[in-house]
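Full structure from sequences and hints, please.
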Amino acid sequence: MLHAPALQVALPLAAAPLCLLIRHARFAWAFATLVSWGVLAIAVLLVRRVFAEGTVSYALGDWVAPLGIEYRIDMAGALMLLVIAAIGALVMPYARASVEHELREDSIGLFYTCYLLCLTGLLGIVVTGDTFNLFVFLEISSLSSYVLISQGCSRRSLTAAYQYLVMGTIGATFILIGIGLLYMMTGTLNMADLSQRLPAVTDTRTIRVAFAFVTVGVSLKLALFPLHLWLPNAYTFAPSAVSAFIAATATKVGIYVLLRFFFTLFGVSFSFEAMHVGDILVVLAAMAMLVASLVAVFQDNIKRMLAYSSVAQIGYIVLGISLATTAGVGAGMLHLLNHALIKAALFLAVGCIFLRLGSVKIQDIRGIAKRMPLTMAAFVAGGLSLIGVPLTTGFVSKWYLADAALMDGRWPLAVLILFSSLLAVAYVWRVVEAAYLQPAAERVLALKEAPAAMLVPTWLLIAANLYFGIDASLTSGLARRGAEALLGAGGP
Amino acid sequence: MTPEVTVLASIGLPLGATALIAAFHRQPNLRESVTLATALGLFLLNLSLLGPVLEGQRPGVLVVETLPGLSIAFEVEPLGMLFALVASGLWMVNSLYSIGYMRANREHHQTRYYVCFAVALASTMGVAFAGNLLTLFVFYEALTLSTYPLVTHRGSPAAVRAGRTYLGVLLGTSIGLLLFAILWTWGLAGTLNFAPGGILADTASDPVLGVLLFVYMFGIGKAALMPVHRWLPAAMIAPTPVSALLHAVAVVKAGVFTAVKVIVYVFGADLLSNLQGSSWLIYVAGASVILASLVALRADNLKRRLAYSTVSQLAFIVMAAAVLVPLSLIGAVLHIAAHALGKITLFFAAGSIYTASHKTEVSQLAGIGRRMPWTMAAFTVGALSMVGIPLTAGFVSKWYMLLGAIEAQQLVAIAVIILSTLLNAAYFLPIVYTAFFDAPQSAGEQGVQTGHGEAPLPVVAALTLTALGTVALFFVPELPLALAQQMVGAAP
Numbered sequence: 001m002l003h004a005p006a007l008q009v010a011l012p013l014a015a016a017p018l019c020l021l022i023r024h025a026r027f028a029w030a031f032a033t034l035v036s037w038g039v040l041a042i043a044v045l046l047v048r049r050v051f052a053e054g055t056v057s058y059a060l061g062d063w064v065a066p067l068g069i070e071y072r073i074d075m076a077g078a079l080m081l082l083v084i085a086a087i088g089a090l091v092m093p094y095a096r097a098s099v100e101h102e103l104r105e106d107s108i109g110l111f112y113t114c115y116l117l118c119l120t121g122l123l124g125i126v127v128t129g130d131t132f133n134l135f136v137f138l139e140i141s142s143l144s145s146y147v148l149i150s151q152g153c154s155r156r157s158l159t160a161a162y163q164y165l166v167m168g169t170i171g172a173t174f175i176l177i178g179i180g181l182l183y184m185m186t187g188t189l190n191m192a193d194l195s196q197r198l199p200a201v202t203d204t205r206t207i208r209v210a211f212a213f214v215t216v217g218v219s220l221k222l223a224l225f226p227l228h229l230w231l232p233n234a235y236t237f238a239p240s241a242v243s244a245f246i247a248a249t250a251t252k253v254g255i256y257v258l259l260r261f262f263f264t265l266f267g268v269s270f271s272f273e274a275m276h277v278g279d280i281l282v283v284l285a286a287m288a289m290l291v292a293s294l295v296a297v298f299q300d301n302i303k304r305m306l307a308y309s310s311v312a313q314i315g316y317i318v319l320g321i322s323l324a325t326t327a328g329v330g331a332g333m334l335h336l337l338n339h340a341l342i343k344a345a346l347f348l349a350v351g352c353i354f355l356r357l358g359s360v361k362i363q364d365i366r367g368i369a370k371r372m373p374l375t376m377a378a379f380v381a382g383g384l385s386l387i388g389v390p391l392t393t394g395f396v397s398k399w400y401l402a403d404a405a406l407m408d409g410r411w412p413l414a415v416l417i418l419f420s421s422l423l424a425v426a427y428v429w430r431v432v433e434a435a436y437l438q439p440a441a442e443r444v445l446a447l448k449e450a451p452a453a454m455l456v457p458t459w460l461l462i463a464a465n466l467y468f469g470i471d472a473s474l475t476s477g478l479a480r481r482g483a484e485a486l487l488g489a490g491g492p
Numbered sequence: 001m002t003p004e005v006t007v008l009a010s011i012g013l014p015l016g017a018t019a020l021i022a023a024f025h026r027q028p029n030l031r032e033s034v035t036l037a038t039a040l041g042l043f044l045l046n047l048s049l050l051g052p053v054l055e056g057q058r059p060g061v062l063v064v065e066t067l068p069g070l071s072i073a074f075e076v077e078p079l080g081m082l083f084a085l086v087a088s089g090l091w092m093v094n095s096l097y098s099i100g101y102m103r104a105n106r107e108h109h110q111t112r113y114y115v116c117f118a119v120a121l122a123s124t125m126g127v128a129f130a131g132n133l134l135t136l137f138v139f140y141e142a143l144t145l146s147t148y149p150l151v152t153h154r155g156s157p158a159a160v161r162a163g164r165t166y167l168g169v170l171l172g173t174s175i176g177l178l179l180f181a182i183l184w185t186w187g188l189a190g191t192l193n194f195a196p197g198g199i200l201a202d203t204a205s206d207p208v209l210g211v212l213l214f215v216y217m218f219g220i221g222k223a224a225l226m227p228v229h230r231w232l233p234a235a236m237i238a239p240t241p242v243s244a245l246l247h248a249v250a251v252v253k254a255g256v257f258t259a260v261k262v263i264v265y266v267f268g269a270d271l272l273s274n275l276q277g278s279s280w281l282i283y284v285a286g287a288s289v290i291l292a293s294l295v296a297l298r299a300d301n302l303k304r305r306l307a308y309s310t311v312s313q314l315a316f317i318v319m320a321a322a323v324l325v326p327l328s329l330i331g332a333v334l335h336i337a338a339h340a341l342g343k344i345t346l347f348f349a350a351g352s353i354y355t356a357s358h359k360t361e362v363s364q365l366a367g368i369g370r371r372m373p374w375t376m377a378a379f380t381v382g383a384l385s386m387v388g389i390p391l392t393a394g395f396v397s398k399w400y401m402l403l404g405a406i407e408a409q410q411l412v413a414i415a416v417i418i419l420s421t422l423l424n425a426a427y428f429l430p431i432v433y434t435a436f437f438d439a440p441q442s443a444g445e446q447g448v449q450t451g452h453g454e455a456p457l458p459v460v461a462a463l464t465l466t467a468l469g470t471v472a473l474f475f476v477p478e479l480p481l482a483l484a485q486q487m488v489g490a491a492p
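Protein chains in written order, with the numbering used here: chain A, 1 to 492; chain B, 1 to 492.
No wet-lab data here; the hints were simulated from the structure. Bear in mind that the values here come from a model prediction, so they are computed numbers and not experimental data. Some hints could be false.
As the list claims (entries may be wrong) - Here are the simulated lysine to any residue pairs, SDA-like style, with alpha carbons at most 20 Å apart:
#1 A/K370 x A/Q438
#2 A/K370 x B/L422
#3 A/K361 x A/L374
#4 A/K370 x B/Q110
Said to hold, decoys possible - Over the 12 Å line for every Cβ pair with chain B, so calculated as not near, a few chain A residues:
#5 A6
#6 I22
#7 F27
#8 A59
#9 P93
#10 S269
#11 L391
#12 F395
#13 V432
#14 Q438
#15 I470
#16 S473
#17 G477
Glycine included, every Cβ here is placed at the ideal spot set by N, Cα and C.
Below, the structure written as C-alpha cells:
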C-alpha cells in the first residue's frame, strides 16, 4: 500500500459525488458506510506503517516537495487519522435510523455526500505537509459541515449553520492571510521547508503578524474560549449523528492544526519564548474550563449542555499544550483522543433519546431511564468518564494533565483541573437525576428502547472508554510519541 | 485456592452475585438466598486469608498496569484484613436484617437495592485490600457511586436533595482534594505503593508535608472530619439497613481506614511525629468529636442522633491515629471494629423501632422497652459500648486510646476522651432510661402505632447477634488486637 496516504483522502473524495448520484437513501447510506470503513482500514494500515517505519512522506503525483504537494504523516498525525477514521466509521451504522428520522427523504443522498466530503477535509488536513493544501482541506471540511449542520430538523439549524459559516469564514480568512504572509517571507508553502527557512526571518514584524493571524484563525476553528460562540448552536441544532461526528473530530483537527503551526512550523522557541503564546493560551484555557463548565450547569437542552462541556474540554486540551513540555502536550493529545471517545459516545446516546422522544430537554426526559435503560446507562457511563471517575478514560487524561501541571510546578492549574471536574459532576448529574429519579410523564412511558443499530456503536464507544481507562498503555503511549514527534520536530 | 486468588475472589464474588440477584428479581426468596450465600461465602473467603496474614504473609496481586508505574494492585495487610472481616461479617447479619426490614416496610425496587448493596461490598473489599493509593481511590469512588442509589432509594424530593449533598460532598472532597493529594504524593515520592514506614520520608520540607497531610485528611470525606461531615446526616434518609451497614460500617470505616492507612503507610508514624505542627490534626479531630457530640445531644430524630454520634466516633479514631504512639494506633484500629459492632446494633434497633411502630423521634420512645424488650436491650448494649463502659467492646478501644494519649502526654487528647465519654453518656443513656422506665405515651400520635410488639424475627435476630458480638469483643479482643499489633509492629 505505497499510495495509502493519497488513498486516505482520495477514496472519500471520489466517493462523495457518487453518493450524490445514487440519491436513494438506503443505497447512499450503504455506500457511504462501506467507504467510511474502507477509510478506517486505510488509516489503520497507515498507522501501522508509521509505527514501523517512522514518519511517512509521499509526493502527490510524484511531484517532489517544493514543486508538488507533500503528504507527511508522523506519530501525531497517525493518532489523529485513527481518531477521525474510527469515529467516522462508527457513526455511520448509527446514522441510518437517526438520519432517516431527522431529515427529509430527498436530502439524504446529499447528506452522505457532505458527510464524506467533511471526512475528506478532516483527513486531508492531517495528512498534508503543505500549508496551502491544508487551507483547502480546511475549507472543504468547513463548507461541508455548514451544510451538514443546516440539515437539522429545527429551523434554527439554518441560523446556527449561518453563524458558523460567518465565524468559520473569518477564521479561514485569517489563516489564509497568515499563510500568505509566511509565503511572502519564505517563498515556500511546504511545511518542512517552512520550518527550516522561518528561523532566519522570525525576528520580523511580518512573521509576528502572520503568527497572530494564524493563531486567532485556528482558535476560531477549534472554538477556543472566547472564540467559541458558534459552537453551542452548531452542536445543538445539527442532526444527532453530525453532532457526534463533528464534536469528536472537527475541533480536534483544529487543535492538530494549532499544534502543527506552533511546534512544527514556528517552533517552540519562537511560539512560546518570543511570542509568549503559552501565557495567553493558559489564561484562555483556564477561562474555558471554568466559564464554559459553569454555563453548562445551567443549560436545559442536553445537547447544548454537552456543547458547552466541549468548550471546557477543549480548554483542558489547550491547557496541556500551553505548558509546551512533552508531558503537557502529551497529556493534551491524550485528552484529545479520550475526549473524542467520550463526547462521541455522549452525543450518540443523546441522539438515541432524540430519536424516540423528539426532544432533548432535561424537563422532558424525566423518568426516561425506565423505558430506555441501555441508552441512559451509556449516558451515565459516558458522563462518569467526562467527570473523570477512575477506570474511565477521563480519569487517565485528567491524571496526566494534572501531573504535567504539577511537574511544571504549576499546582494552581492542577487544582483548577480538578475543580472543573466537579462542575462536570454538577451538569452530568442534573441529567441523571431527571432520568432516574423523577416520575415519568405519559409521553415518556410510551417509549421504546433505541434500535440496536444505534445502541451498538454507542456502547462500542463506551466500551472503548472503559477499556482505555483500565489499560491506558496504548493510548498514553500513542499520545506520548505524538508529543515527542511534535516537540522533536520543533526543537533544534 | 492460593491467598492471591482468594483476594481476587473476595472482590469478584459479590460482583458476580449481582448478576444472579438481578436474574432472580421475580423470585424474592431465591434472590435473598443469593445475597445471604454470597455474604457467607465472602466472610469465609476473608477468614481463609486470616491465617496467612497472621503468619506474616502479605498476599498481593497485580491486576493491570493502568499507566506506567501505576497499577491496580492488591495487597492484604493486617489493617485491611480486619476491615474486610468486619465489613463482610456484618454484611451477613445485615442481609438477614435487610430481609426482615425491607419486606415488613414493603419497600420498592428491592432488586436494585440488593444489587447496589453487593456492588458496595465489592468496593469495600477493594478499598480494604488496595495495594496502592490509586487502587484505593478507584474503589473509594466506586463505593460512593454504588451507594448513591441506596441513599436516594426512596425517590422522594427530599431523598434527591439528600443524594445531591451526599454525592456533592463525597465527590467534591475526593476529586478536589484527595486526588490532588495523591497526584502530589506521586510527584514527590514517585510511587503510590503502601509501604511500612511510609513513602514520603525526605521528599519535601516540613511545611509542605504538613499541607499535604491537611489535604489528605479533608480529602478523605468519608472520614467525615468536620466540616466535611454533612453527607453523613444527609445519608440517613436511606432505608435503615443501608444506614446500619454502609453509613456506620462500610463507607465511614472506609474513610477512617484510608486516613489510618495514609498516616501509617504513606507518611509513616516516625515522619509525622517528627513533623513540626502535625499536632493540629489532634485538635481538629478533637474539636470534631466534641462538636458532633453537642449536635447529637440536641437531635430529636433518632437516626440523626446516631449519625452525629458516628461523626464524633470517626473523629475519635482519626484523633487516636494522630497521637501516633503505638498504643493509640492500636486503640484506633480496635475502635474501627468496636464502633462498627456497637453502631450497627444501634441502627438495627432504630430500624426495628421504625418497622414495629413507625416511631422516628427520641421523644416518642417513652416506655417502648416494655413492648420491645429485645430491641431495647440490644440498644442498651450498643449505647454502653459507645460510652465505653466495661463489658462492652467500646471500653477496650477507649482504654488503649487513653493509654496512648497518656504515653504521648497529649493533654488535649486526654481531655477530649474524657469529655466525649460524658457527652456520649448524656445523649445515649436518657434514651435507655426513658424507654424502660417512663410511662408510655397515652394518646397515639398520627401515623404512630401503639399496639405493637417486637419487629419481625429476622430483624430481632440480627440485632441480638450484633449486640452479643459487642459484648464478646470485650472478652475476646485477641484477634483484632493481634492484627493491630502486627500493623504497628510493621510500622514502629
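Here is what the structure says about each hint:
1. A/K370 x A/Q438: Holds - the C-alpha atoms of A/Q438 and A/K370 are around 10 Å apart, at most 20 Å.
2. A/K370 x B/L422: Not satisfied, since the Cα-Cα distance of roughly 51 Å exceeds 20 Å.
3. A/K361 x A/L374: holds (19 Å)
4. A/K370 x B/Q110: holds (15 Å)
5. A6: holds (36 Å)
6. I22: holds (46 Å)
7. F27: About 42 Å separates A/F27 from the closest Cβ of chain B, which puts it past 12 Å; holds.
8. A59: holds (38 Å)
9. P93: Answer for A/P93: holds, closest chain B Cβ roughly 28 Å.
10. S269: Fine: 27 Å to the nearest Cβ keeps A/S269 off the interface.
11. L391: Given that some Cβ of chain B is not farther than 12 Å from that of A/L391, nearest at about 6 Å, it is violated.
12. F395: violated (9 Å)
13. V432: violated (9 Å)
14. Q438: Nearest chain B Cβ is 8 Å from A/Q438, so the label is violated.
15. I470: violated (6 Å)
16. S473: violated (7 Å)
17. G477: At roughly 9 Å from the nearest Cβ of chain B, A/G477 sits no farther out than 12 Å, so the non-interface label is violated.
Comparing the model with each numbered hint stated earlier shows that hints 2, 11, 12, 13, 14, 15, 16 and 17 do not hold.
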